[in-house]
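Colleague: One letter stands for each residue in the lines below.
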Amino acid sequence: MMIELDGVSVTQPSAPDLSILEIDNWSVADRQTVFVHGPSGSGKSTLLNLVSGLLECREGGVSVLGERLDQMSRRRRDRFRANHIGYVFQRFNLVHYLNAIENIELARSFSERGDRRTGADAIRPLLESLNVASREWHKPISQLSMGQQQRVAIARALVNRPELLVADEPTSSLDQDNRDTFLSVLMSIIEEHKMTLLFVSHDMGLAQHFTQVQALSEINRVA
Amino acid sequence: MFLKIAIKSLLNRKGSVIMSLLAISVAIFVLLGIEHIRQQARDSFASTVSGVDLIVGAKTGSLNLLLYSVFRVGTPTDNISWKAYQEIAESKDVAWAIPISLGDSHNGYRVLGTTPDYFEHFSFGNKHTLEFVEGEAFEGVFDVVLGAEVARTLGYALGDEITLAHGVVSTSFSLHENSLFTVVGILSPTGTPVDQTVHVQLQGIEAMHAGSESGFGGAASYDQSQLEADELEPKSITAFMLGLKSRMVTFRLQREINDYSAEPLLAILPGVALSELWQMVGVFESVLRLISMLVLVAAVLGLGAVLLASVRERSHEIHLLRVLGAPSYYLFFLMELEALLICLAGIVLGTACLYLCLAFLGDSLFANFGLHLDAGVFTQDGLVILFFVLAAALTAAAIPSMRVYSQAKAYNVQ
Numbered sequence: 000m001m002i003e004l005d006g007v008s009v010t011q012p013s014a015p016d017l018s019i020l021e022i023d024n025w026s027v028a029d030r031q032t033v034f035v036h037g038p039s040g041s042g043k044s045t046l047l048n049l050v051s052g053l054l055e056c057r058e059g060g061v062s063v064l065g066e067r068l069d070q071m072s073r074r075r076r077d078r079f080r081a082n083h084i085g086y087v088f089q090r091f092n093l094v095h096y097l098n099a100i101e102n103i104e105l106a107r108s109f110s111e112r113g114d115r116r117t118g119a120d121a122i123r124p125l126l127e128s129l130n131v132a133s134r135e136w137h138k139p140i141s142q143l144s145m146g147q148q149q150r151v152a153i154a155r156a157l158v159n160r161p162e163l164l165v166a167d168e169p170t171s172s173l174d175q176d177n178r179d180t181f182l183s184v185l186m187s188i189i190e191e192h193k194m195t196l197l198f199v200s201h202d203m204g205l206a207q208h209f210t211q212v213q214a215l216s217e218i219n220r221v222a
Numbered sequence: 000m001f002l003k004i005a006i007k008s009l010l011n012r013k014g015s016v017i018m019s020l021l022a023i024s025v026a027i028f029v030l031l032g033i034e035h036i037r038q039q040a041r042d043s044f045a046s047t048v049s050g051v052d053l054i055v056g057a058k059t060g061s062l063n064l065l066l067y068s069v070f071r072v073g074t075p076t077d078n079i080s081w082k083a084y085q086e087i088a089e090s091k092d093v094a095w096a097i098p099i100s101l102g103d104s105h106n107g108y109r110v111l112g113t114t115p116d117y118f119e120h121f122s123f124g125n126k127h128t129l130e131f132v133e134g135e136a137f138e139g140v141f142d143v144v145l146g147a148e149v150a151r152t153l154g155y156a157l158g159d160e161i162t163l164a165h166g167v168v169s170t171s172f173s174l175h176e177n178s179l180f181t182v183v184g185i186l187s188p189t190g191t192p193v194d195q196t197v198h199v200q201l202q203g204i205e206a207m208h209a210g211s212e213s214g215f216g217g218a219a220s221y222d223q224s225q226l227e228a229d230e231l232e233p234k235s236i237t238a239f240m241l242g243l244k245s246r247m248v249t250f251r252l253q254r255e256i257n258d259y260s261a262e263p264l265l266a267i268l269p270g271v272a273l274s275e276l277w278q279m280v281g282v283f284e285s286v287l288r289l290i291s292m293l294v295l296v297a298a299v300l301g302l303g304a305v306l307l308a309s310v311r312e313r314s315h316e317i318h319l320l321r322v323l324g325a326p327s328y329y330l331f332f333l334m335e336l337e338a339l340l341i342c343l344a345g346i347v348l349g350t351a352c353l354y355l356c357l358a359f360l361g362d363s364l365f366a367n368f369g370l371h372l373d374a375g376v377f378t379q380d381g382l383v384i385l386f387f388v389l390a391a392a393l394t395a396a397a398i399p400s401m402r403v404y405s406q407a408k409a410y411n412v413q
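Top to bottom, those sequences are chains A and B. Quick note: the first sequence uses numbering that gives the first Met the number 0, first residue 0, plus one each step. Quick note: the second sequence uses numbering that gives the first Met the number 0, first residue 0, plus one each step.
Be aware that one or more of the hints could be misleading.
As the list claims (entries may be wrong) - Distance ranges between label pairs, derived from CB positions: (1) A:Asp5 x B:Ala390: 46 to 54 Å; (2) B:Lys13 x A:Pro38: 37 to 45 Å; (3) B:Leu360 x A:Arg90: 49 to 57 Å.
Unchecked claim - Simulated pairs of lysine-lysine, DSS-like, Cα-Cα distance not exceeding 25 Å: (4) A:Lys138 x B:Lys7; (5) B:Lys82 x B:Lys234; (6) B:Lys13 x A:Lys138; (7) B:Lys3 x A:Lys138.
Treat the hints as calculated values from the structure; they're not laboratory data. Since this is a predicted model, take the numbers as computed values, not measurements. We put the CB at the ideal spot given by N, CA and C, even for glycine.
Make the full structure from the sequences, and use the hints.
Modeller: In structure tokens form, the structure reads like this:
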């Protein structure tokens, strides 16, 4: 199992009685592409933060790649995330005053894994496989189009060869064409690197591409 | 990568970064500048006279005596008799004696009447004796030796003839028209009041005054060559300096002079009087230092404010870094590093500006204030100050750094 949640409860820090997530049992097998849908504010991001080790739950077991995140120290969880989990957001995926290469180097700097080749050598093929032209690599990110930025974001998420990729509404800021491009690129990469994908969105139109489709309300008792 | 982010982040916010950088460099300029000037002024001051064991004058305050005899500042309240001088100068303990007479001026510069011994025995700083850049000490009654500054500003050369006036006023009504003196020597710069002094023989002063007694604008032209030597022996002088055969007798001789029965005399040790004077200045020094520290506090608070403002703009960046695996303390140190970089840049700029200022203004400061400043700002004290500035900056930056840290941690608890 790639992900396993067991008896998990996440509450609001300001109001410990208010539950955001109550999950009895949920799992994702290796190499699945999971689509979780639900309306905004229903706790989708919270679920992703939990799985990536950013968030602590009040009780329950969170297991990723067979390792119990809830039993790790914060520092270990941070390292685990850098090494094994790639994360793509809807926006603000990249540091705007760095260029594409530097953004990816930044992600690399937090992990001991990833390509042992020196910076540019490891990053170039990745950007090329994502159809980001080389003339864009050294421009500040803000000068790239949204579509290009999102593709650079994927590269950034992949550079440390994570086993799990988490995506939080990554296409919601893109137009139709870019959305299709993004998804096809994403799926082929997931396939190629034998990764597991956890994708969260409110756009049901995308569900067809995934092997496992679930509503958040099926997973989370509170939603 | 850590350093790279910090640098690029700062470059991305050039406007506010440059402002706080400038504030810090101003603070550095003030801090180092004041410290430097303070130190140099003290050294300059202390080196005005050395090698003189006692200075003797009429019974007035010791600071007063020091000020007018060495610094040519203020007016002597009273004179002392030539007899008293001769008696003491002939004492067995005395190695040499230099009488001086003040009270006249030339174009605003003080005239000092003395003997040729002055050029031989007077020393300043690190036992430097007076040297001539041109000419030599006076011999004749109407010979004059100029201090470096006088010659330079008034544009005099060897052989020039000048007139001297009574009283320290550049446009004086009692101009001794007949007192023409010839420049026979120009001294090399000393960084002391010697540079601003016009030196003549004691007899020259007497001749000048004798000439005026014959009436103002008198018809008869006064033939200087008719003056007899003994007519020109001074009856009183302002003060005299003593070099003793042995240091041991200094205090005894000082006491004897202070107790001199024939007239009220005061003998001072220049070193002692100088440190008394410097203590008075000490309060002023402390105020200056305090002010410069306050300037630093202001600059450093400005730096903190700029960084604190940036935290709000960078919340997405902080979140991203956390997601990438950065621990919360990474963010803390990133902010501190940015503060450090701004501070270092400010230090470099401030120090460079100070260095340039001293290099360019050094000459005019010397000319106008007799203040000799070298451009050597890198003293041990200077380094302590820089260290202190860095510490202050890092401390002020702790507030935005803590803010960033707690914001980073907040993602743990959503």
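Colleague: Hint by hint, which ones does this structure get wrong, listed from lowest number up?
Modeller: As far as the earlier hints go, not one is violated by this structure.
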